[in-house]
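**Student:** Each chain, letter by letter, is given below.
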Amino acid sequence: MQRGLNWPYKSEINEMEEMDADVLVLGGGIAGCMAAIEAAKKGKKVIVVEKAAVKRSGAGGSGSDHWEMAATNPCSNLSPEELVEAMMDDNDGFNNAISHYIECREGWDRLVDIEKMGGKIRDIDEEFVGAEFRDEKTKLMFAYDYKNRVTLRIWGTTFKPAMEKEMKRLGVVVVNHVAVTSLLTEEGRNGSRCIGATGINGRTGKFHVFSGKAVVMAMSRPARIWLFSAGYPGLCEFRPMSCIGNGHAMGWRIGAEFNMMEKSVKAQFSASGKSYPPYSAGNNHNTWYAASIIDAEGKEIPYADRDGKKLENIMDRYYPSEGQKFFMMGGNIEKAKYTYEGPETIAYGELKNKGYKLPFYADLTTLPDHERNVIWGMMVAEEGKTKIPVHQYYAKQGFDSAKHVIQCYGNGWTSASFLPQERQLFGLPGGFMNDWKLESNIPGLFVAGDALFASNCFGHAAATGGYAGRHAAEYADKNNLEKPCEDQIKIEKERVFAPVYSDLDSGITWKELNQAIAKVMQNYCGEVKEETLLKTGLSILKEYETKIVSKTVAANPHELVRLLEVIDILTVSQIIIEASIHRKNNCEKLEFIRSDSLPGEYEPFIVIKKDGDNVITRKVDLNYAGDVKENYEAHNGAYIKEMRH
Amino acid sequence: MSRSFTLRHVEPSKPITFDPKKCIGCNRCVNVCPIDILLPSASNGETPVVAYPDECWYCGCCVMECPAEAIILGHPLMNQVRWVEKKSLMKEGDLK
Chain A
297 MQRGLNWPYK SEINEMEEMD ADVLVLGGGI AGCMAAIEAA KKGKKVIVVE KAAVKRSGAG
357 GSGSDHWEMA ATNPCSNLSP EELVEAMMDD NDGFNNAISH YIECREGWDR LVDIEKMGGK
417 IRDIDEEFVG AEFRDEKTKL MFAYDYKNRV TLRIWGTTFK PAMEKEMKRL GVVVVNHVAV
477 TSLLTEEGRN GSRCIGATGI NGRTGKFHVF SGKAVVMAMS RPARIWLFSA GYPGLCEFRP
537 MSCIGNGHAM GWRIGAEFNM MEKSVKAQFS ASGKSYPPYS AGNNHNTWYA ASIIDAEGKE
597 IPYADRDGKK LENIMDRYYP SEGQKFFMMG GNIEKAKYTY EGPETIAYGE LKNKGYKLPF
657 YADLTTLPDH ERNVIWGMMV AEEGKTKIPV HQYYAKQGFD SAKHVIQCYG NGWTSASFLP
717 QERQLFGLPG GFMNDWKLES NIPGLFVAGD ALFASNCFGH AAATGGYAGR HAAEYADKNN
777 LEKPCEDQIK IEKERVFAPV YSDLDSGITW KELNQAIAKV MQNYCGEVKE ETLLKTGLSI
837 LKEYETKIVS KTVAANPHEL VRLLEVIDIL TVSQIIIEAS IHRKNNCEKL EFIRSDSLPG
897 EYEPFIVIKK DGDNVITRKV DLNYAGDVKE NYEAHNGAYI KEMRH
Chain B
7 MSRSFTLRHV EPSKPITFDP KKCIGCNRCV NVCPIDILLP SASNGETPVV AYPDECWYCG
67 CCVMECPAEA IILGHPLMNQ VRWVEKKSLM KEGDLK
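Keeping their order, the protein sequence lines are chains A and B. Per the numbering used here, the first sequence starts with residue 297, numbered consecutively. Per the numbering used here, the second sequence starts with residue 7, numbered consecutively.
Simulated from the structure, these hints should not be mistaken for laboratory data. In this text the structure is predicted, and so the values were computed from the model without any measurement. A portion of the hints provided could be inaccurate.
[What the hints assert, rightly or not] Capping the alpha-carbon separation at 20 Å, the derived lysine-lysine pairs in PhoX-like fashion look like this:
{"id": "1", "chain 1": "B", "residue 1": "K92", "chain 2": "A", "residue 2": "K595"}
{"id": "2", "chain 1": "B", "residue 1": "K20", "chain 2": "A", "residue 2": "K653"}
{"id": "3", "chain 1": "B", "residue 1": "K93", "chain 2": "A", "residue 2": "K653"}
{"id": "4", "chain 1": "A", "residue 1": "K338", "chain 2": "A", "residue 2": "K433"}
{"id": "5", "chain 1": "A", "residue 1": "K648", "chain 2": "A", "residue 2": "K595"}
{"id": "6", "chain 1": "A", "residue 1": "K595", "chain 2": "A", "residue 2": "K650"}
{"id": "7", "chain 1": "A", "residue 1": "K815", "chain 2": "A", "residue 2": "K843"}
{"id": "8", "chain 1": "B", "residue 1": "K93", "chain 2": "A", "residue 2": "K595"}
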C-alpha cells in the first residue's frame, strides 16, 4: 500500500463493545461453525467471533473434496473402533484417539446435518452413474478404498455458505472481521476458568470484550514458524495466511496444556512460494489419487500393493491387496502402514536404474472416464482453492484432461524440494491437550478442529466442532456468566494498541519480525535438535519478546492484526522450543531427532504448560483415552439416545 | 522519446485484476476475502482496491463471490505449472 493513502474505514480505536453469550465460539471455520450450530440447536445464545467473514473463512472455507473416516455412513464396511485402532497403530500411539474416534463415530452425523443445511454430499445430478466409486442407492461417492467405503467425495465449496445460512436461521450472532487477541479468565488468574475473550476489529480498530458461560476454541493450527517470505507472505504455507495459531498462543498465556508441540515435519507445501499452487502440479495423492505417473518419454511407473506386487489393472489401485482388510488414504505421504506402494514410494535411484527419465508427469488420459472426470472436474474444483485457481484457470488456457499431462515437481504431492530445516506443523501436529469432553485443562475452555493436538482434516474439524459445541452447551447449563477482570482487559488493551502509537518511520514491521523468527527457528530448531542450541534459540526469541515487540509498529488495523499474528507466532515458536527441550529422546513418529538423544528411556506424551515464568510438564500415557467405545458412550449417553430417535 | 519517471512500490506479483467495465462496485469480494486484502473504493460503486496483493492466498473466493464475473485471478510467473500434450512425449512407435 502506498504511504499516505486514506484508510477507508472509520477509526473506532477508542471504542469498546461488550457482548455476552451462553457459548462463545472463537474462530468461524468449519469447527467453529459446527460448534455454534450444535450449541444453538440446544437453545443456547451463541456468539461466533471470526477474523475474516464466516462465508469463506478458515482452512476449509474455499472448499474440500474429501470427508475422511466417516465409518458410520450407510455404505461403510469398517467400524469406528477398527479405524481408530489403525490410526493409533499407524503413528505408534502418537495420535489423538479421542478426537479421531469422534471423527469416525460422528462424522457421518455431521455430514447429514450439512446436507440438510444445503451442502451437496451426493451425486444428485447423476454425473457419475455407473462409476465403481458410486453407491447407486444412496448416490454417495467414495474415494481411495472402494471396498470399505469410509472416505466420501463431497462438494465442499457448498459447505461454508450453507453453514453461514444455518447460523443465521438459528439466531447465532456472527461477529465478522474481529480478530480474537486473548482469553479472559476468572479474576484474571492464570489457569483459572475461561470466561471470555477480547478482540479487535481489523478494519476500524474497535476493541471487543466477549463473555461466555462456556468458550469453544476453534482457531487454526500454527504456521509461518519456519517458513516466511516477505515477498509472498500469502503463499508461505498451505492453509490461509491468516490461520497461524493465534489460539495456541493465547491458550499458552493463560496456562492451557499442549501436547506434541515438539513435532514438526519437513515442509510439504507452499513453503515461501517454493511449491506450485496446491493440486495444480502433477502428483498422485489424495485429490489426485489414483492418477498414473509417467516419465519424460510417456512410460508409466507402476503402482504396487503394500507387498510390492505390481498392479496390472488401473482399478486394482482402489482395492486392498490380498489379505489386507483395508487401506487408509490415497497416496503414501507419511510412510503409513495401512496403505499401498505407489510410484512415489520408489526411490529415484531405483527408477533411474530402471530407465525412467525426468521429468515425470501426472497422466489422467488413460484412466477410465469416471475416474478421470472425478479427479479433474470434481475433486479438482471442490477441493479448497481449486475451483478458480486451478480448474477454471487451466480451462481458460485450453487444458484438456483427456489429452494433456501435468508435470510433477519434487517428490510426491509436495511439488517442490525442501531443505530439512524448512519445517511445518503438518500431518497430525501438536495442539491443545483434551479430555473426553474435548475440554482443555482450563475449565470452561473446550477445543475443536485444528486447535486440538493431532488434528487433520475437514471431517475431523466438523465432528470435533459439533462435539465441543454440544459439551460446551452442557457446561453453560451449569455455570454462570462471570464479570471479566478489569485489570486483565486493561493490560490486554494496552498490549494490543501499543504498535499503533509507535513511530512509523523507525518501527519494526510484522514482516521484519516474522522473517527474523523464521530464521531463528531454522537455525536453532531445525531438523536435528540439541539442548544448547535450543536454549540459545529460546533466549533469542525471549529477547525479541522483551526488547523488539515494544518497537513494532502498525499503520492501520489491518496491519495491526498481521502484527498481532506475528507476536503470536513468536509465542508459538517458544512453545515448540520448550516442548523440544523437554523431550530428551528421538521419536520417529513425532519426526523428532536430537543429536544428544539419551537412548533407553521411553517417553510417552510429554504435555506442557506455562505457569508464570515456569514451564511445567507431565508425562501422559499414550493410551490415556482408554477404551474408546466405552468412554465415548459414558460421556455421550444423551446424544446416543437422541440419534436413535 | 522522452518519458517522465515515477516513484512506486514494486509488487512481486499481481494476483487479482478487476474489469472496471463489468465491476458493479458491490464490494462483496471485499467482504468475503478470507485475508481481507481488498479495500472498498473511496468513491461509491467503483472497483475495489487490491490493497495487500502480497498477502493473497490465491483461493479465488472473490471470483466465486463476484456476481458480475469482473475478477480475474492469476498466478505469479514462478507458479505457472508446465503441462504438455501426452502425444508430444511419446516416440512415434509408442503412439497408439
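**Student:** Confirm or reject each hint.
**Tutor:** Outcome of the hint check:
1. B:K92 <-> A:K595: Holds, at roughly 11 Å.
2. B:K20 <-> A:K653: 35 Å, violated
3. B:K93 <-> A:K653: Answer holds: K93 of chain B to K653 of chain A is near 16 Å, not above 20 Å.
4. A:K338 <-> A:K433: Violated. K338 of chain A to K433 of chain A sits at ~33 Å, over the 20 Å cutoff.
5. A:K648 <-> A:K595: 13 Å, holds
6. A:K595 <-> A:K650: 11 Å, holds
7. A:K815 <-> A:K843: 18 Å, holds
8. B:K93 <-> A:K595: 12 Å, holds
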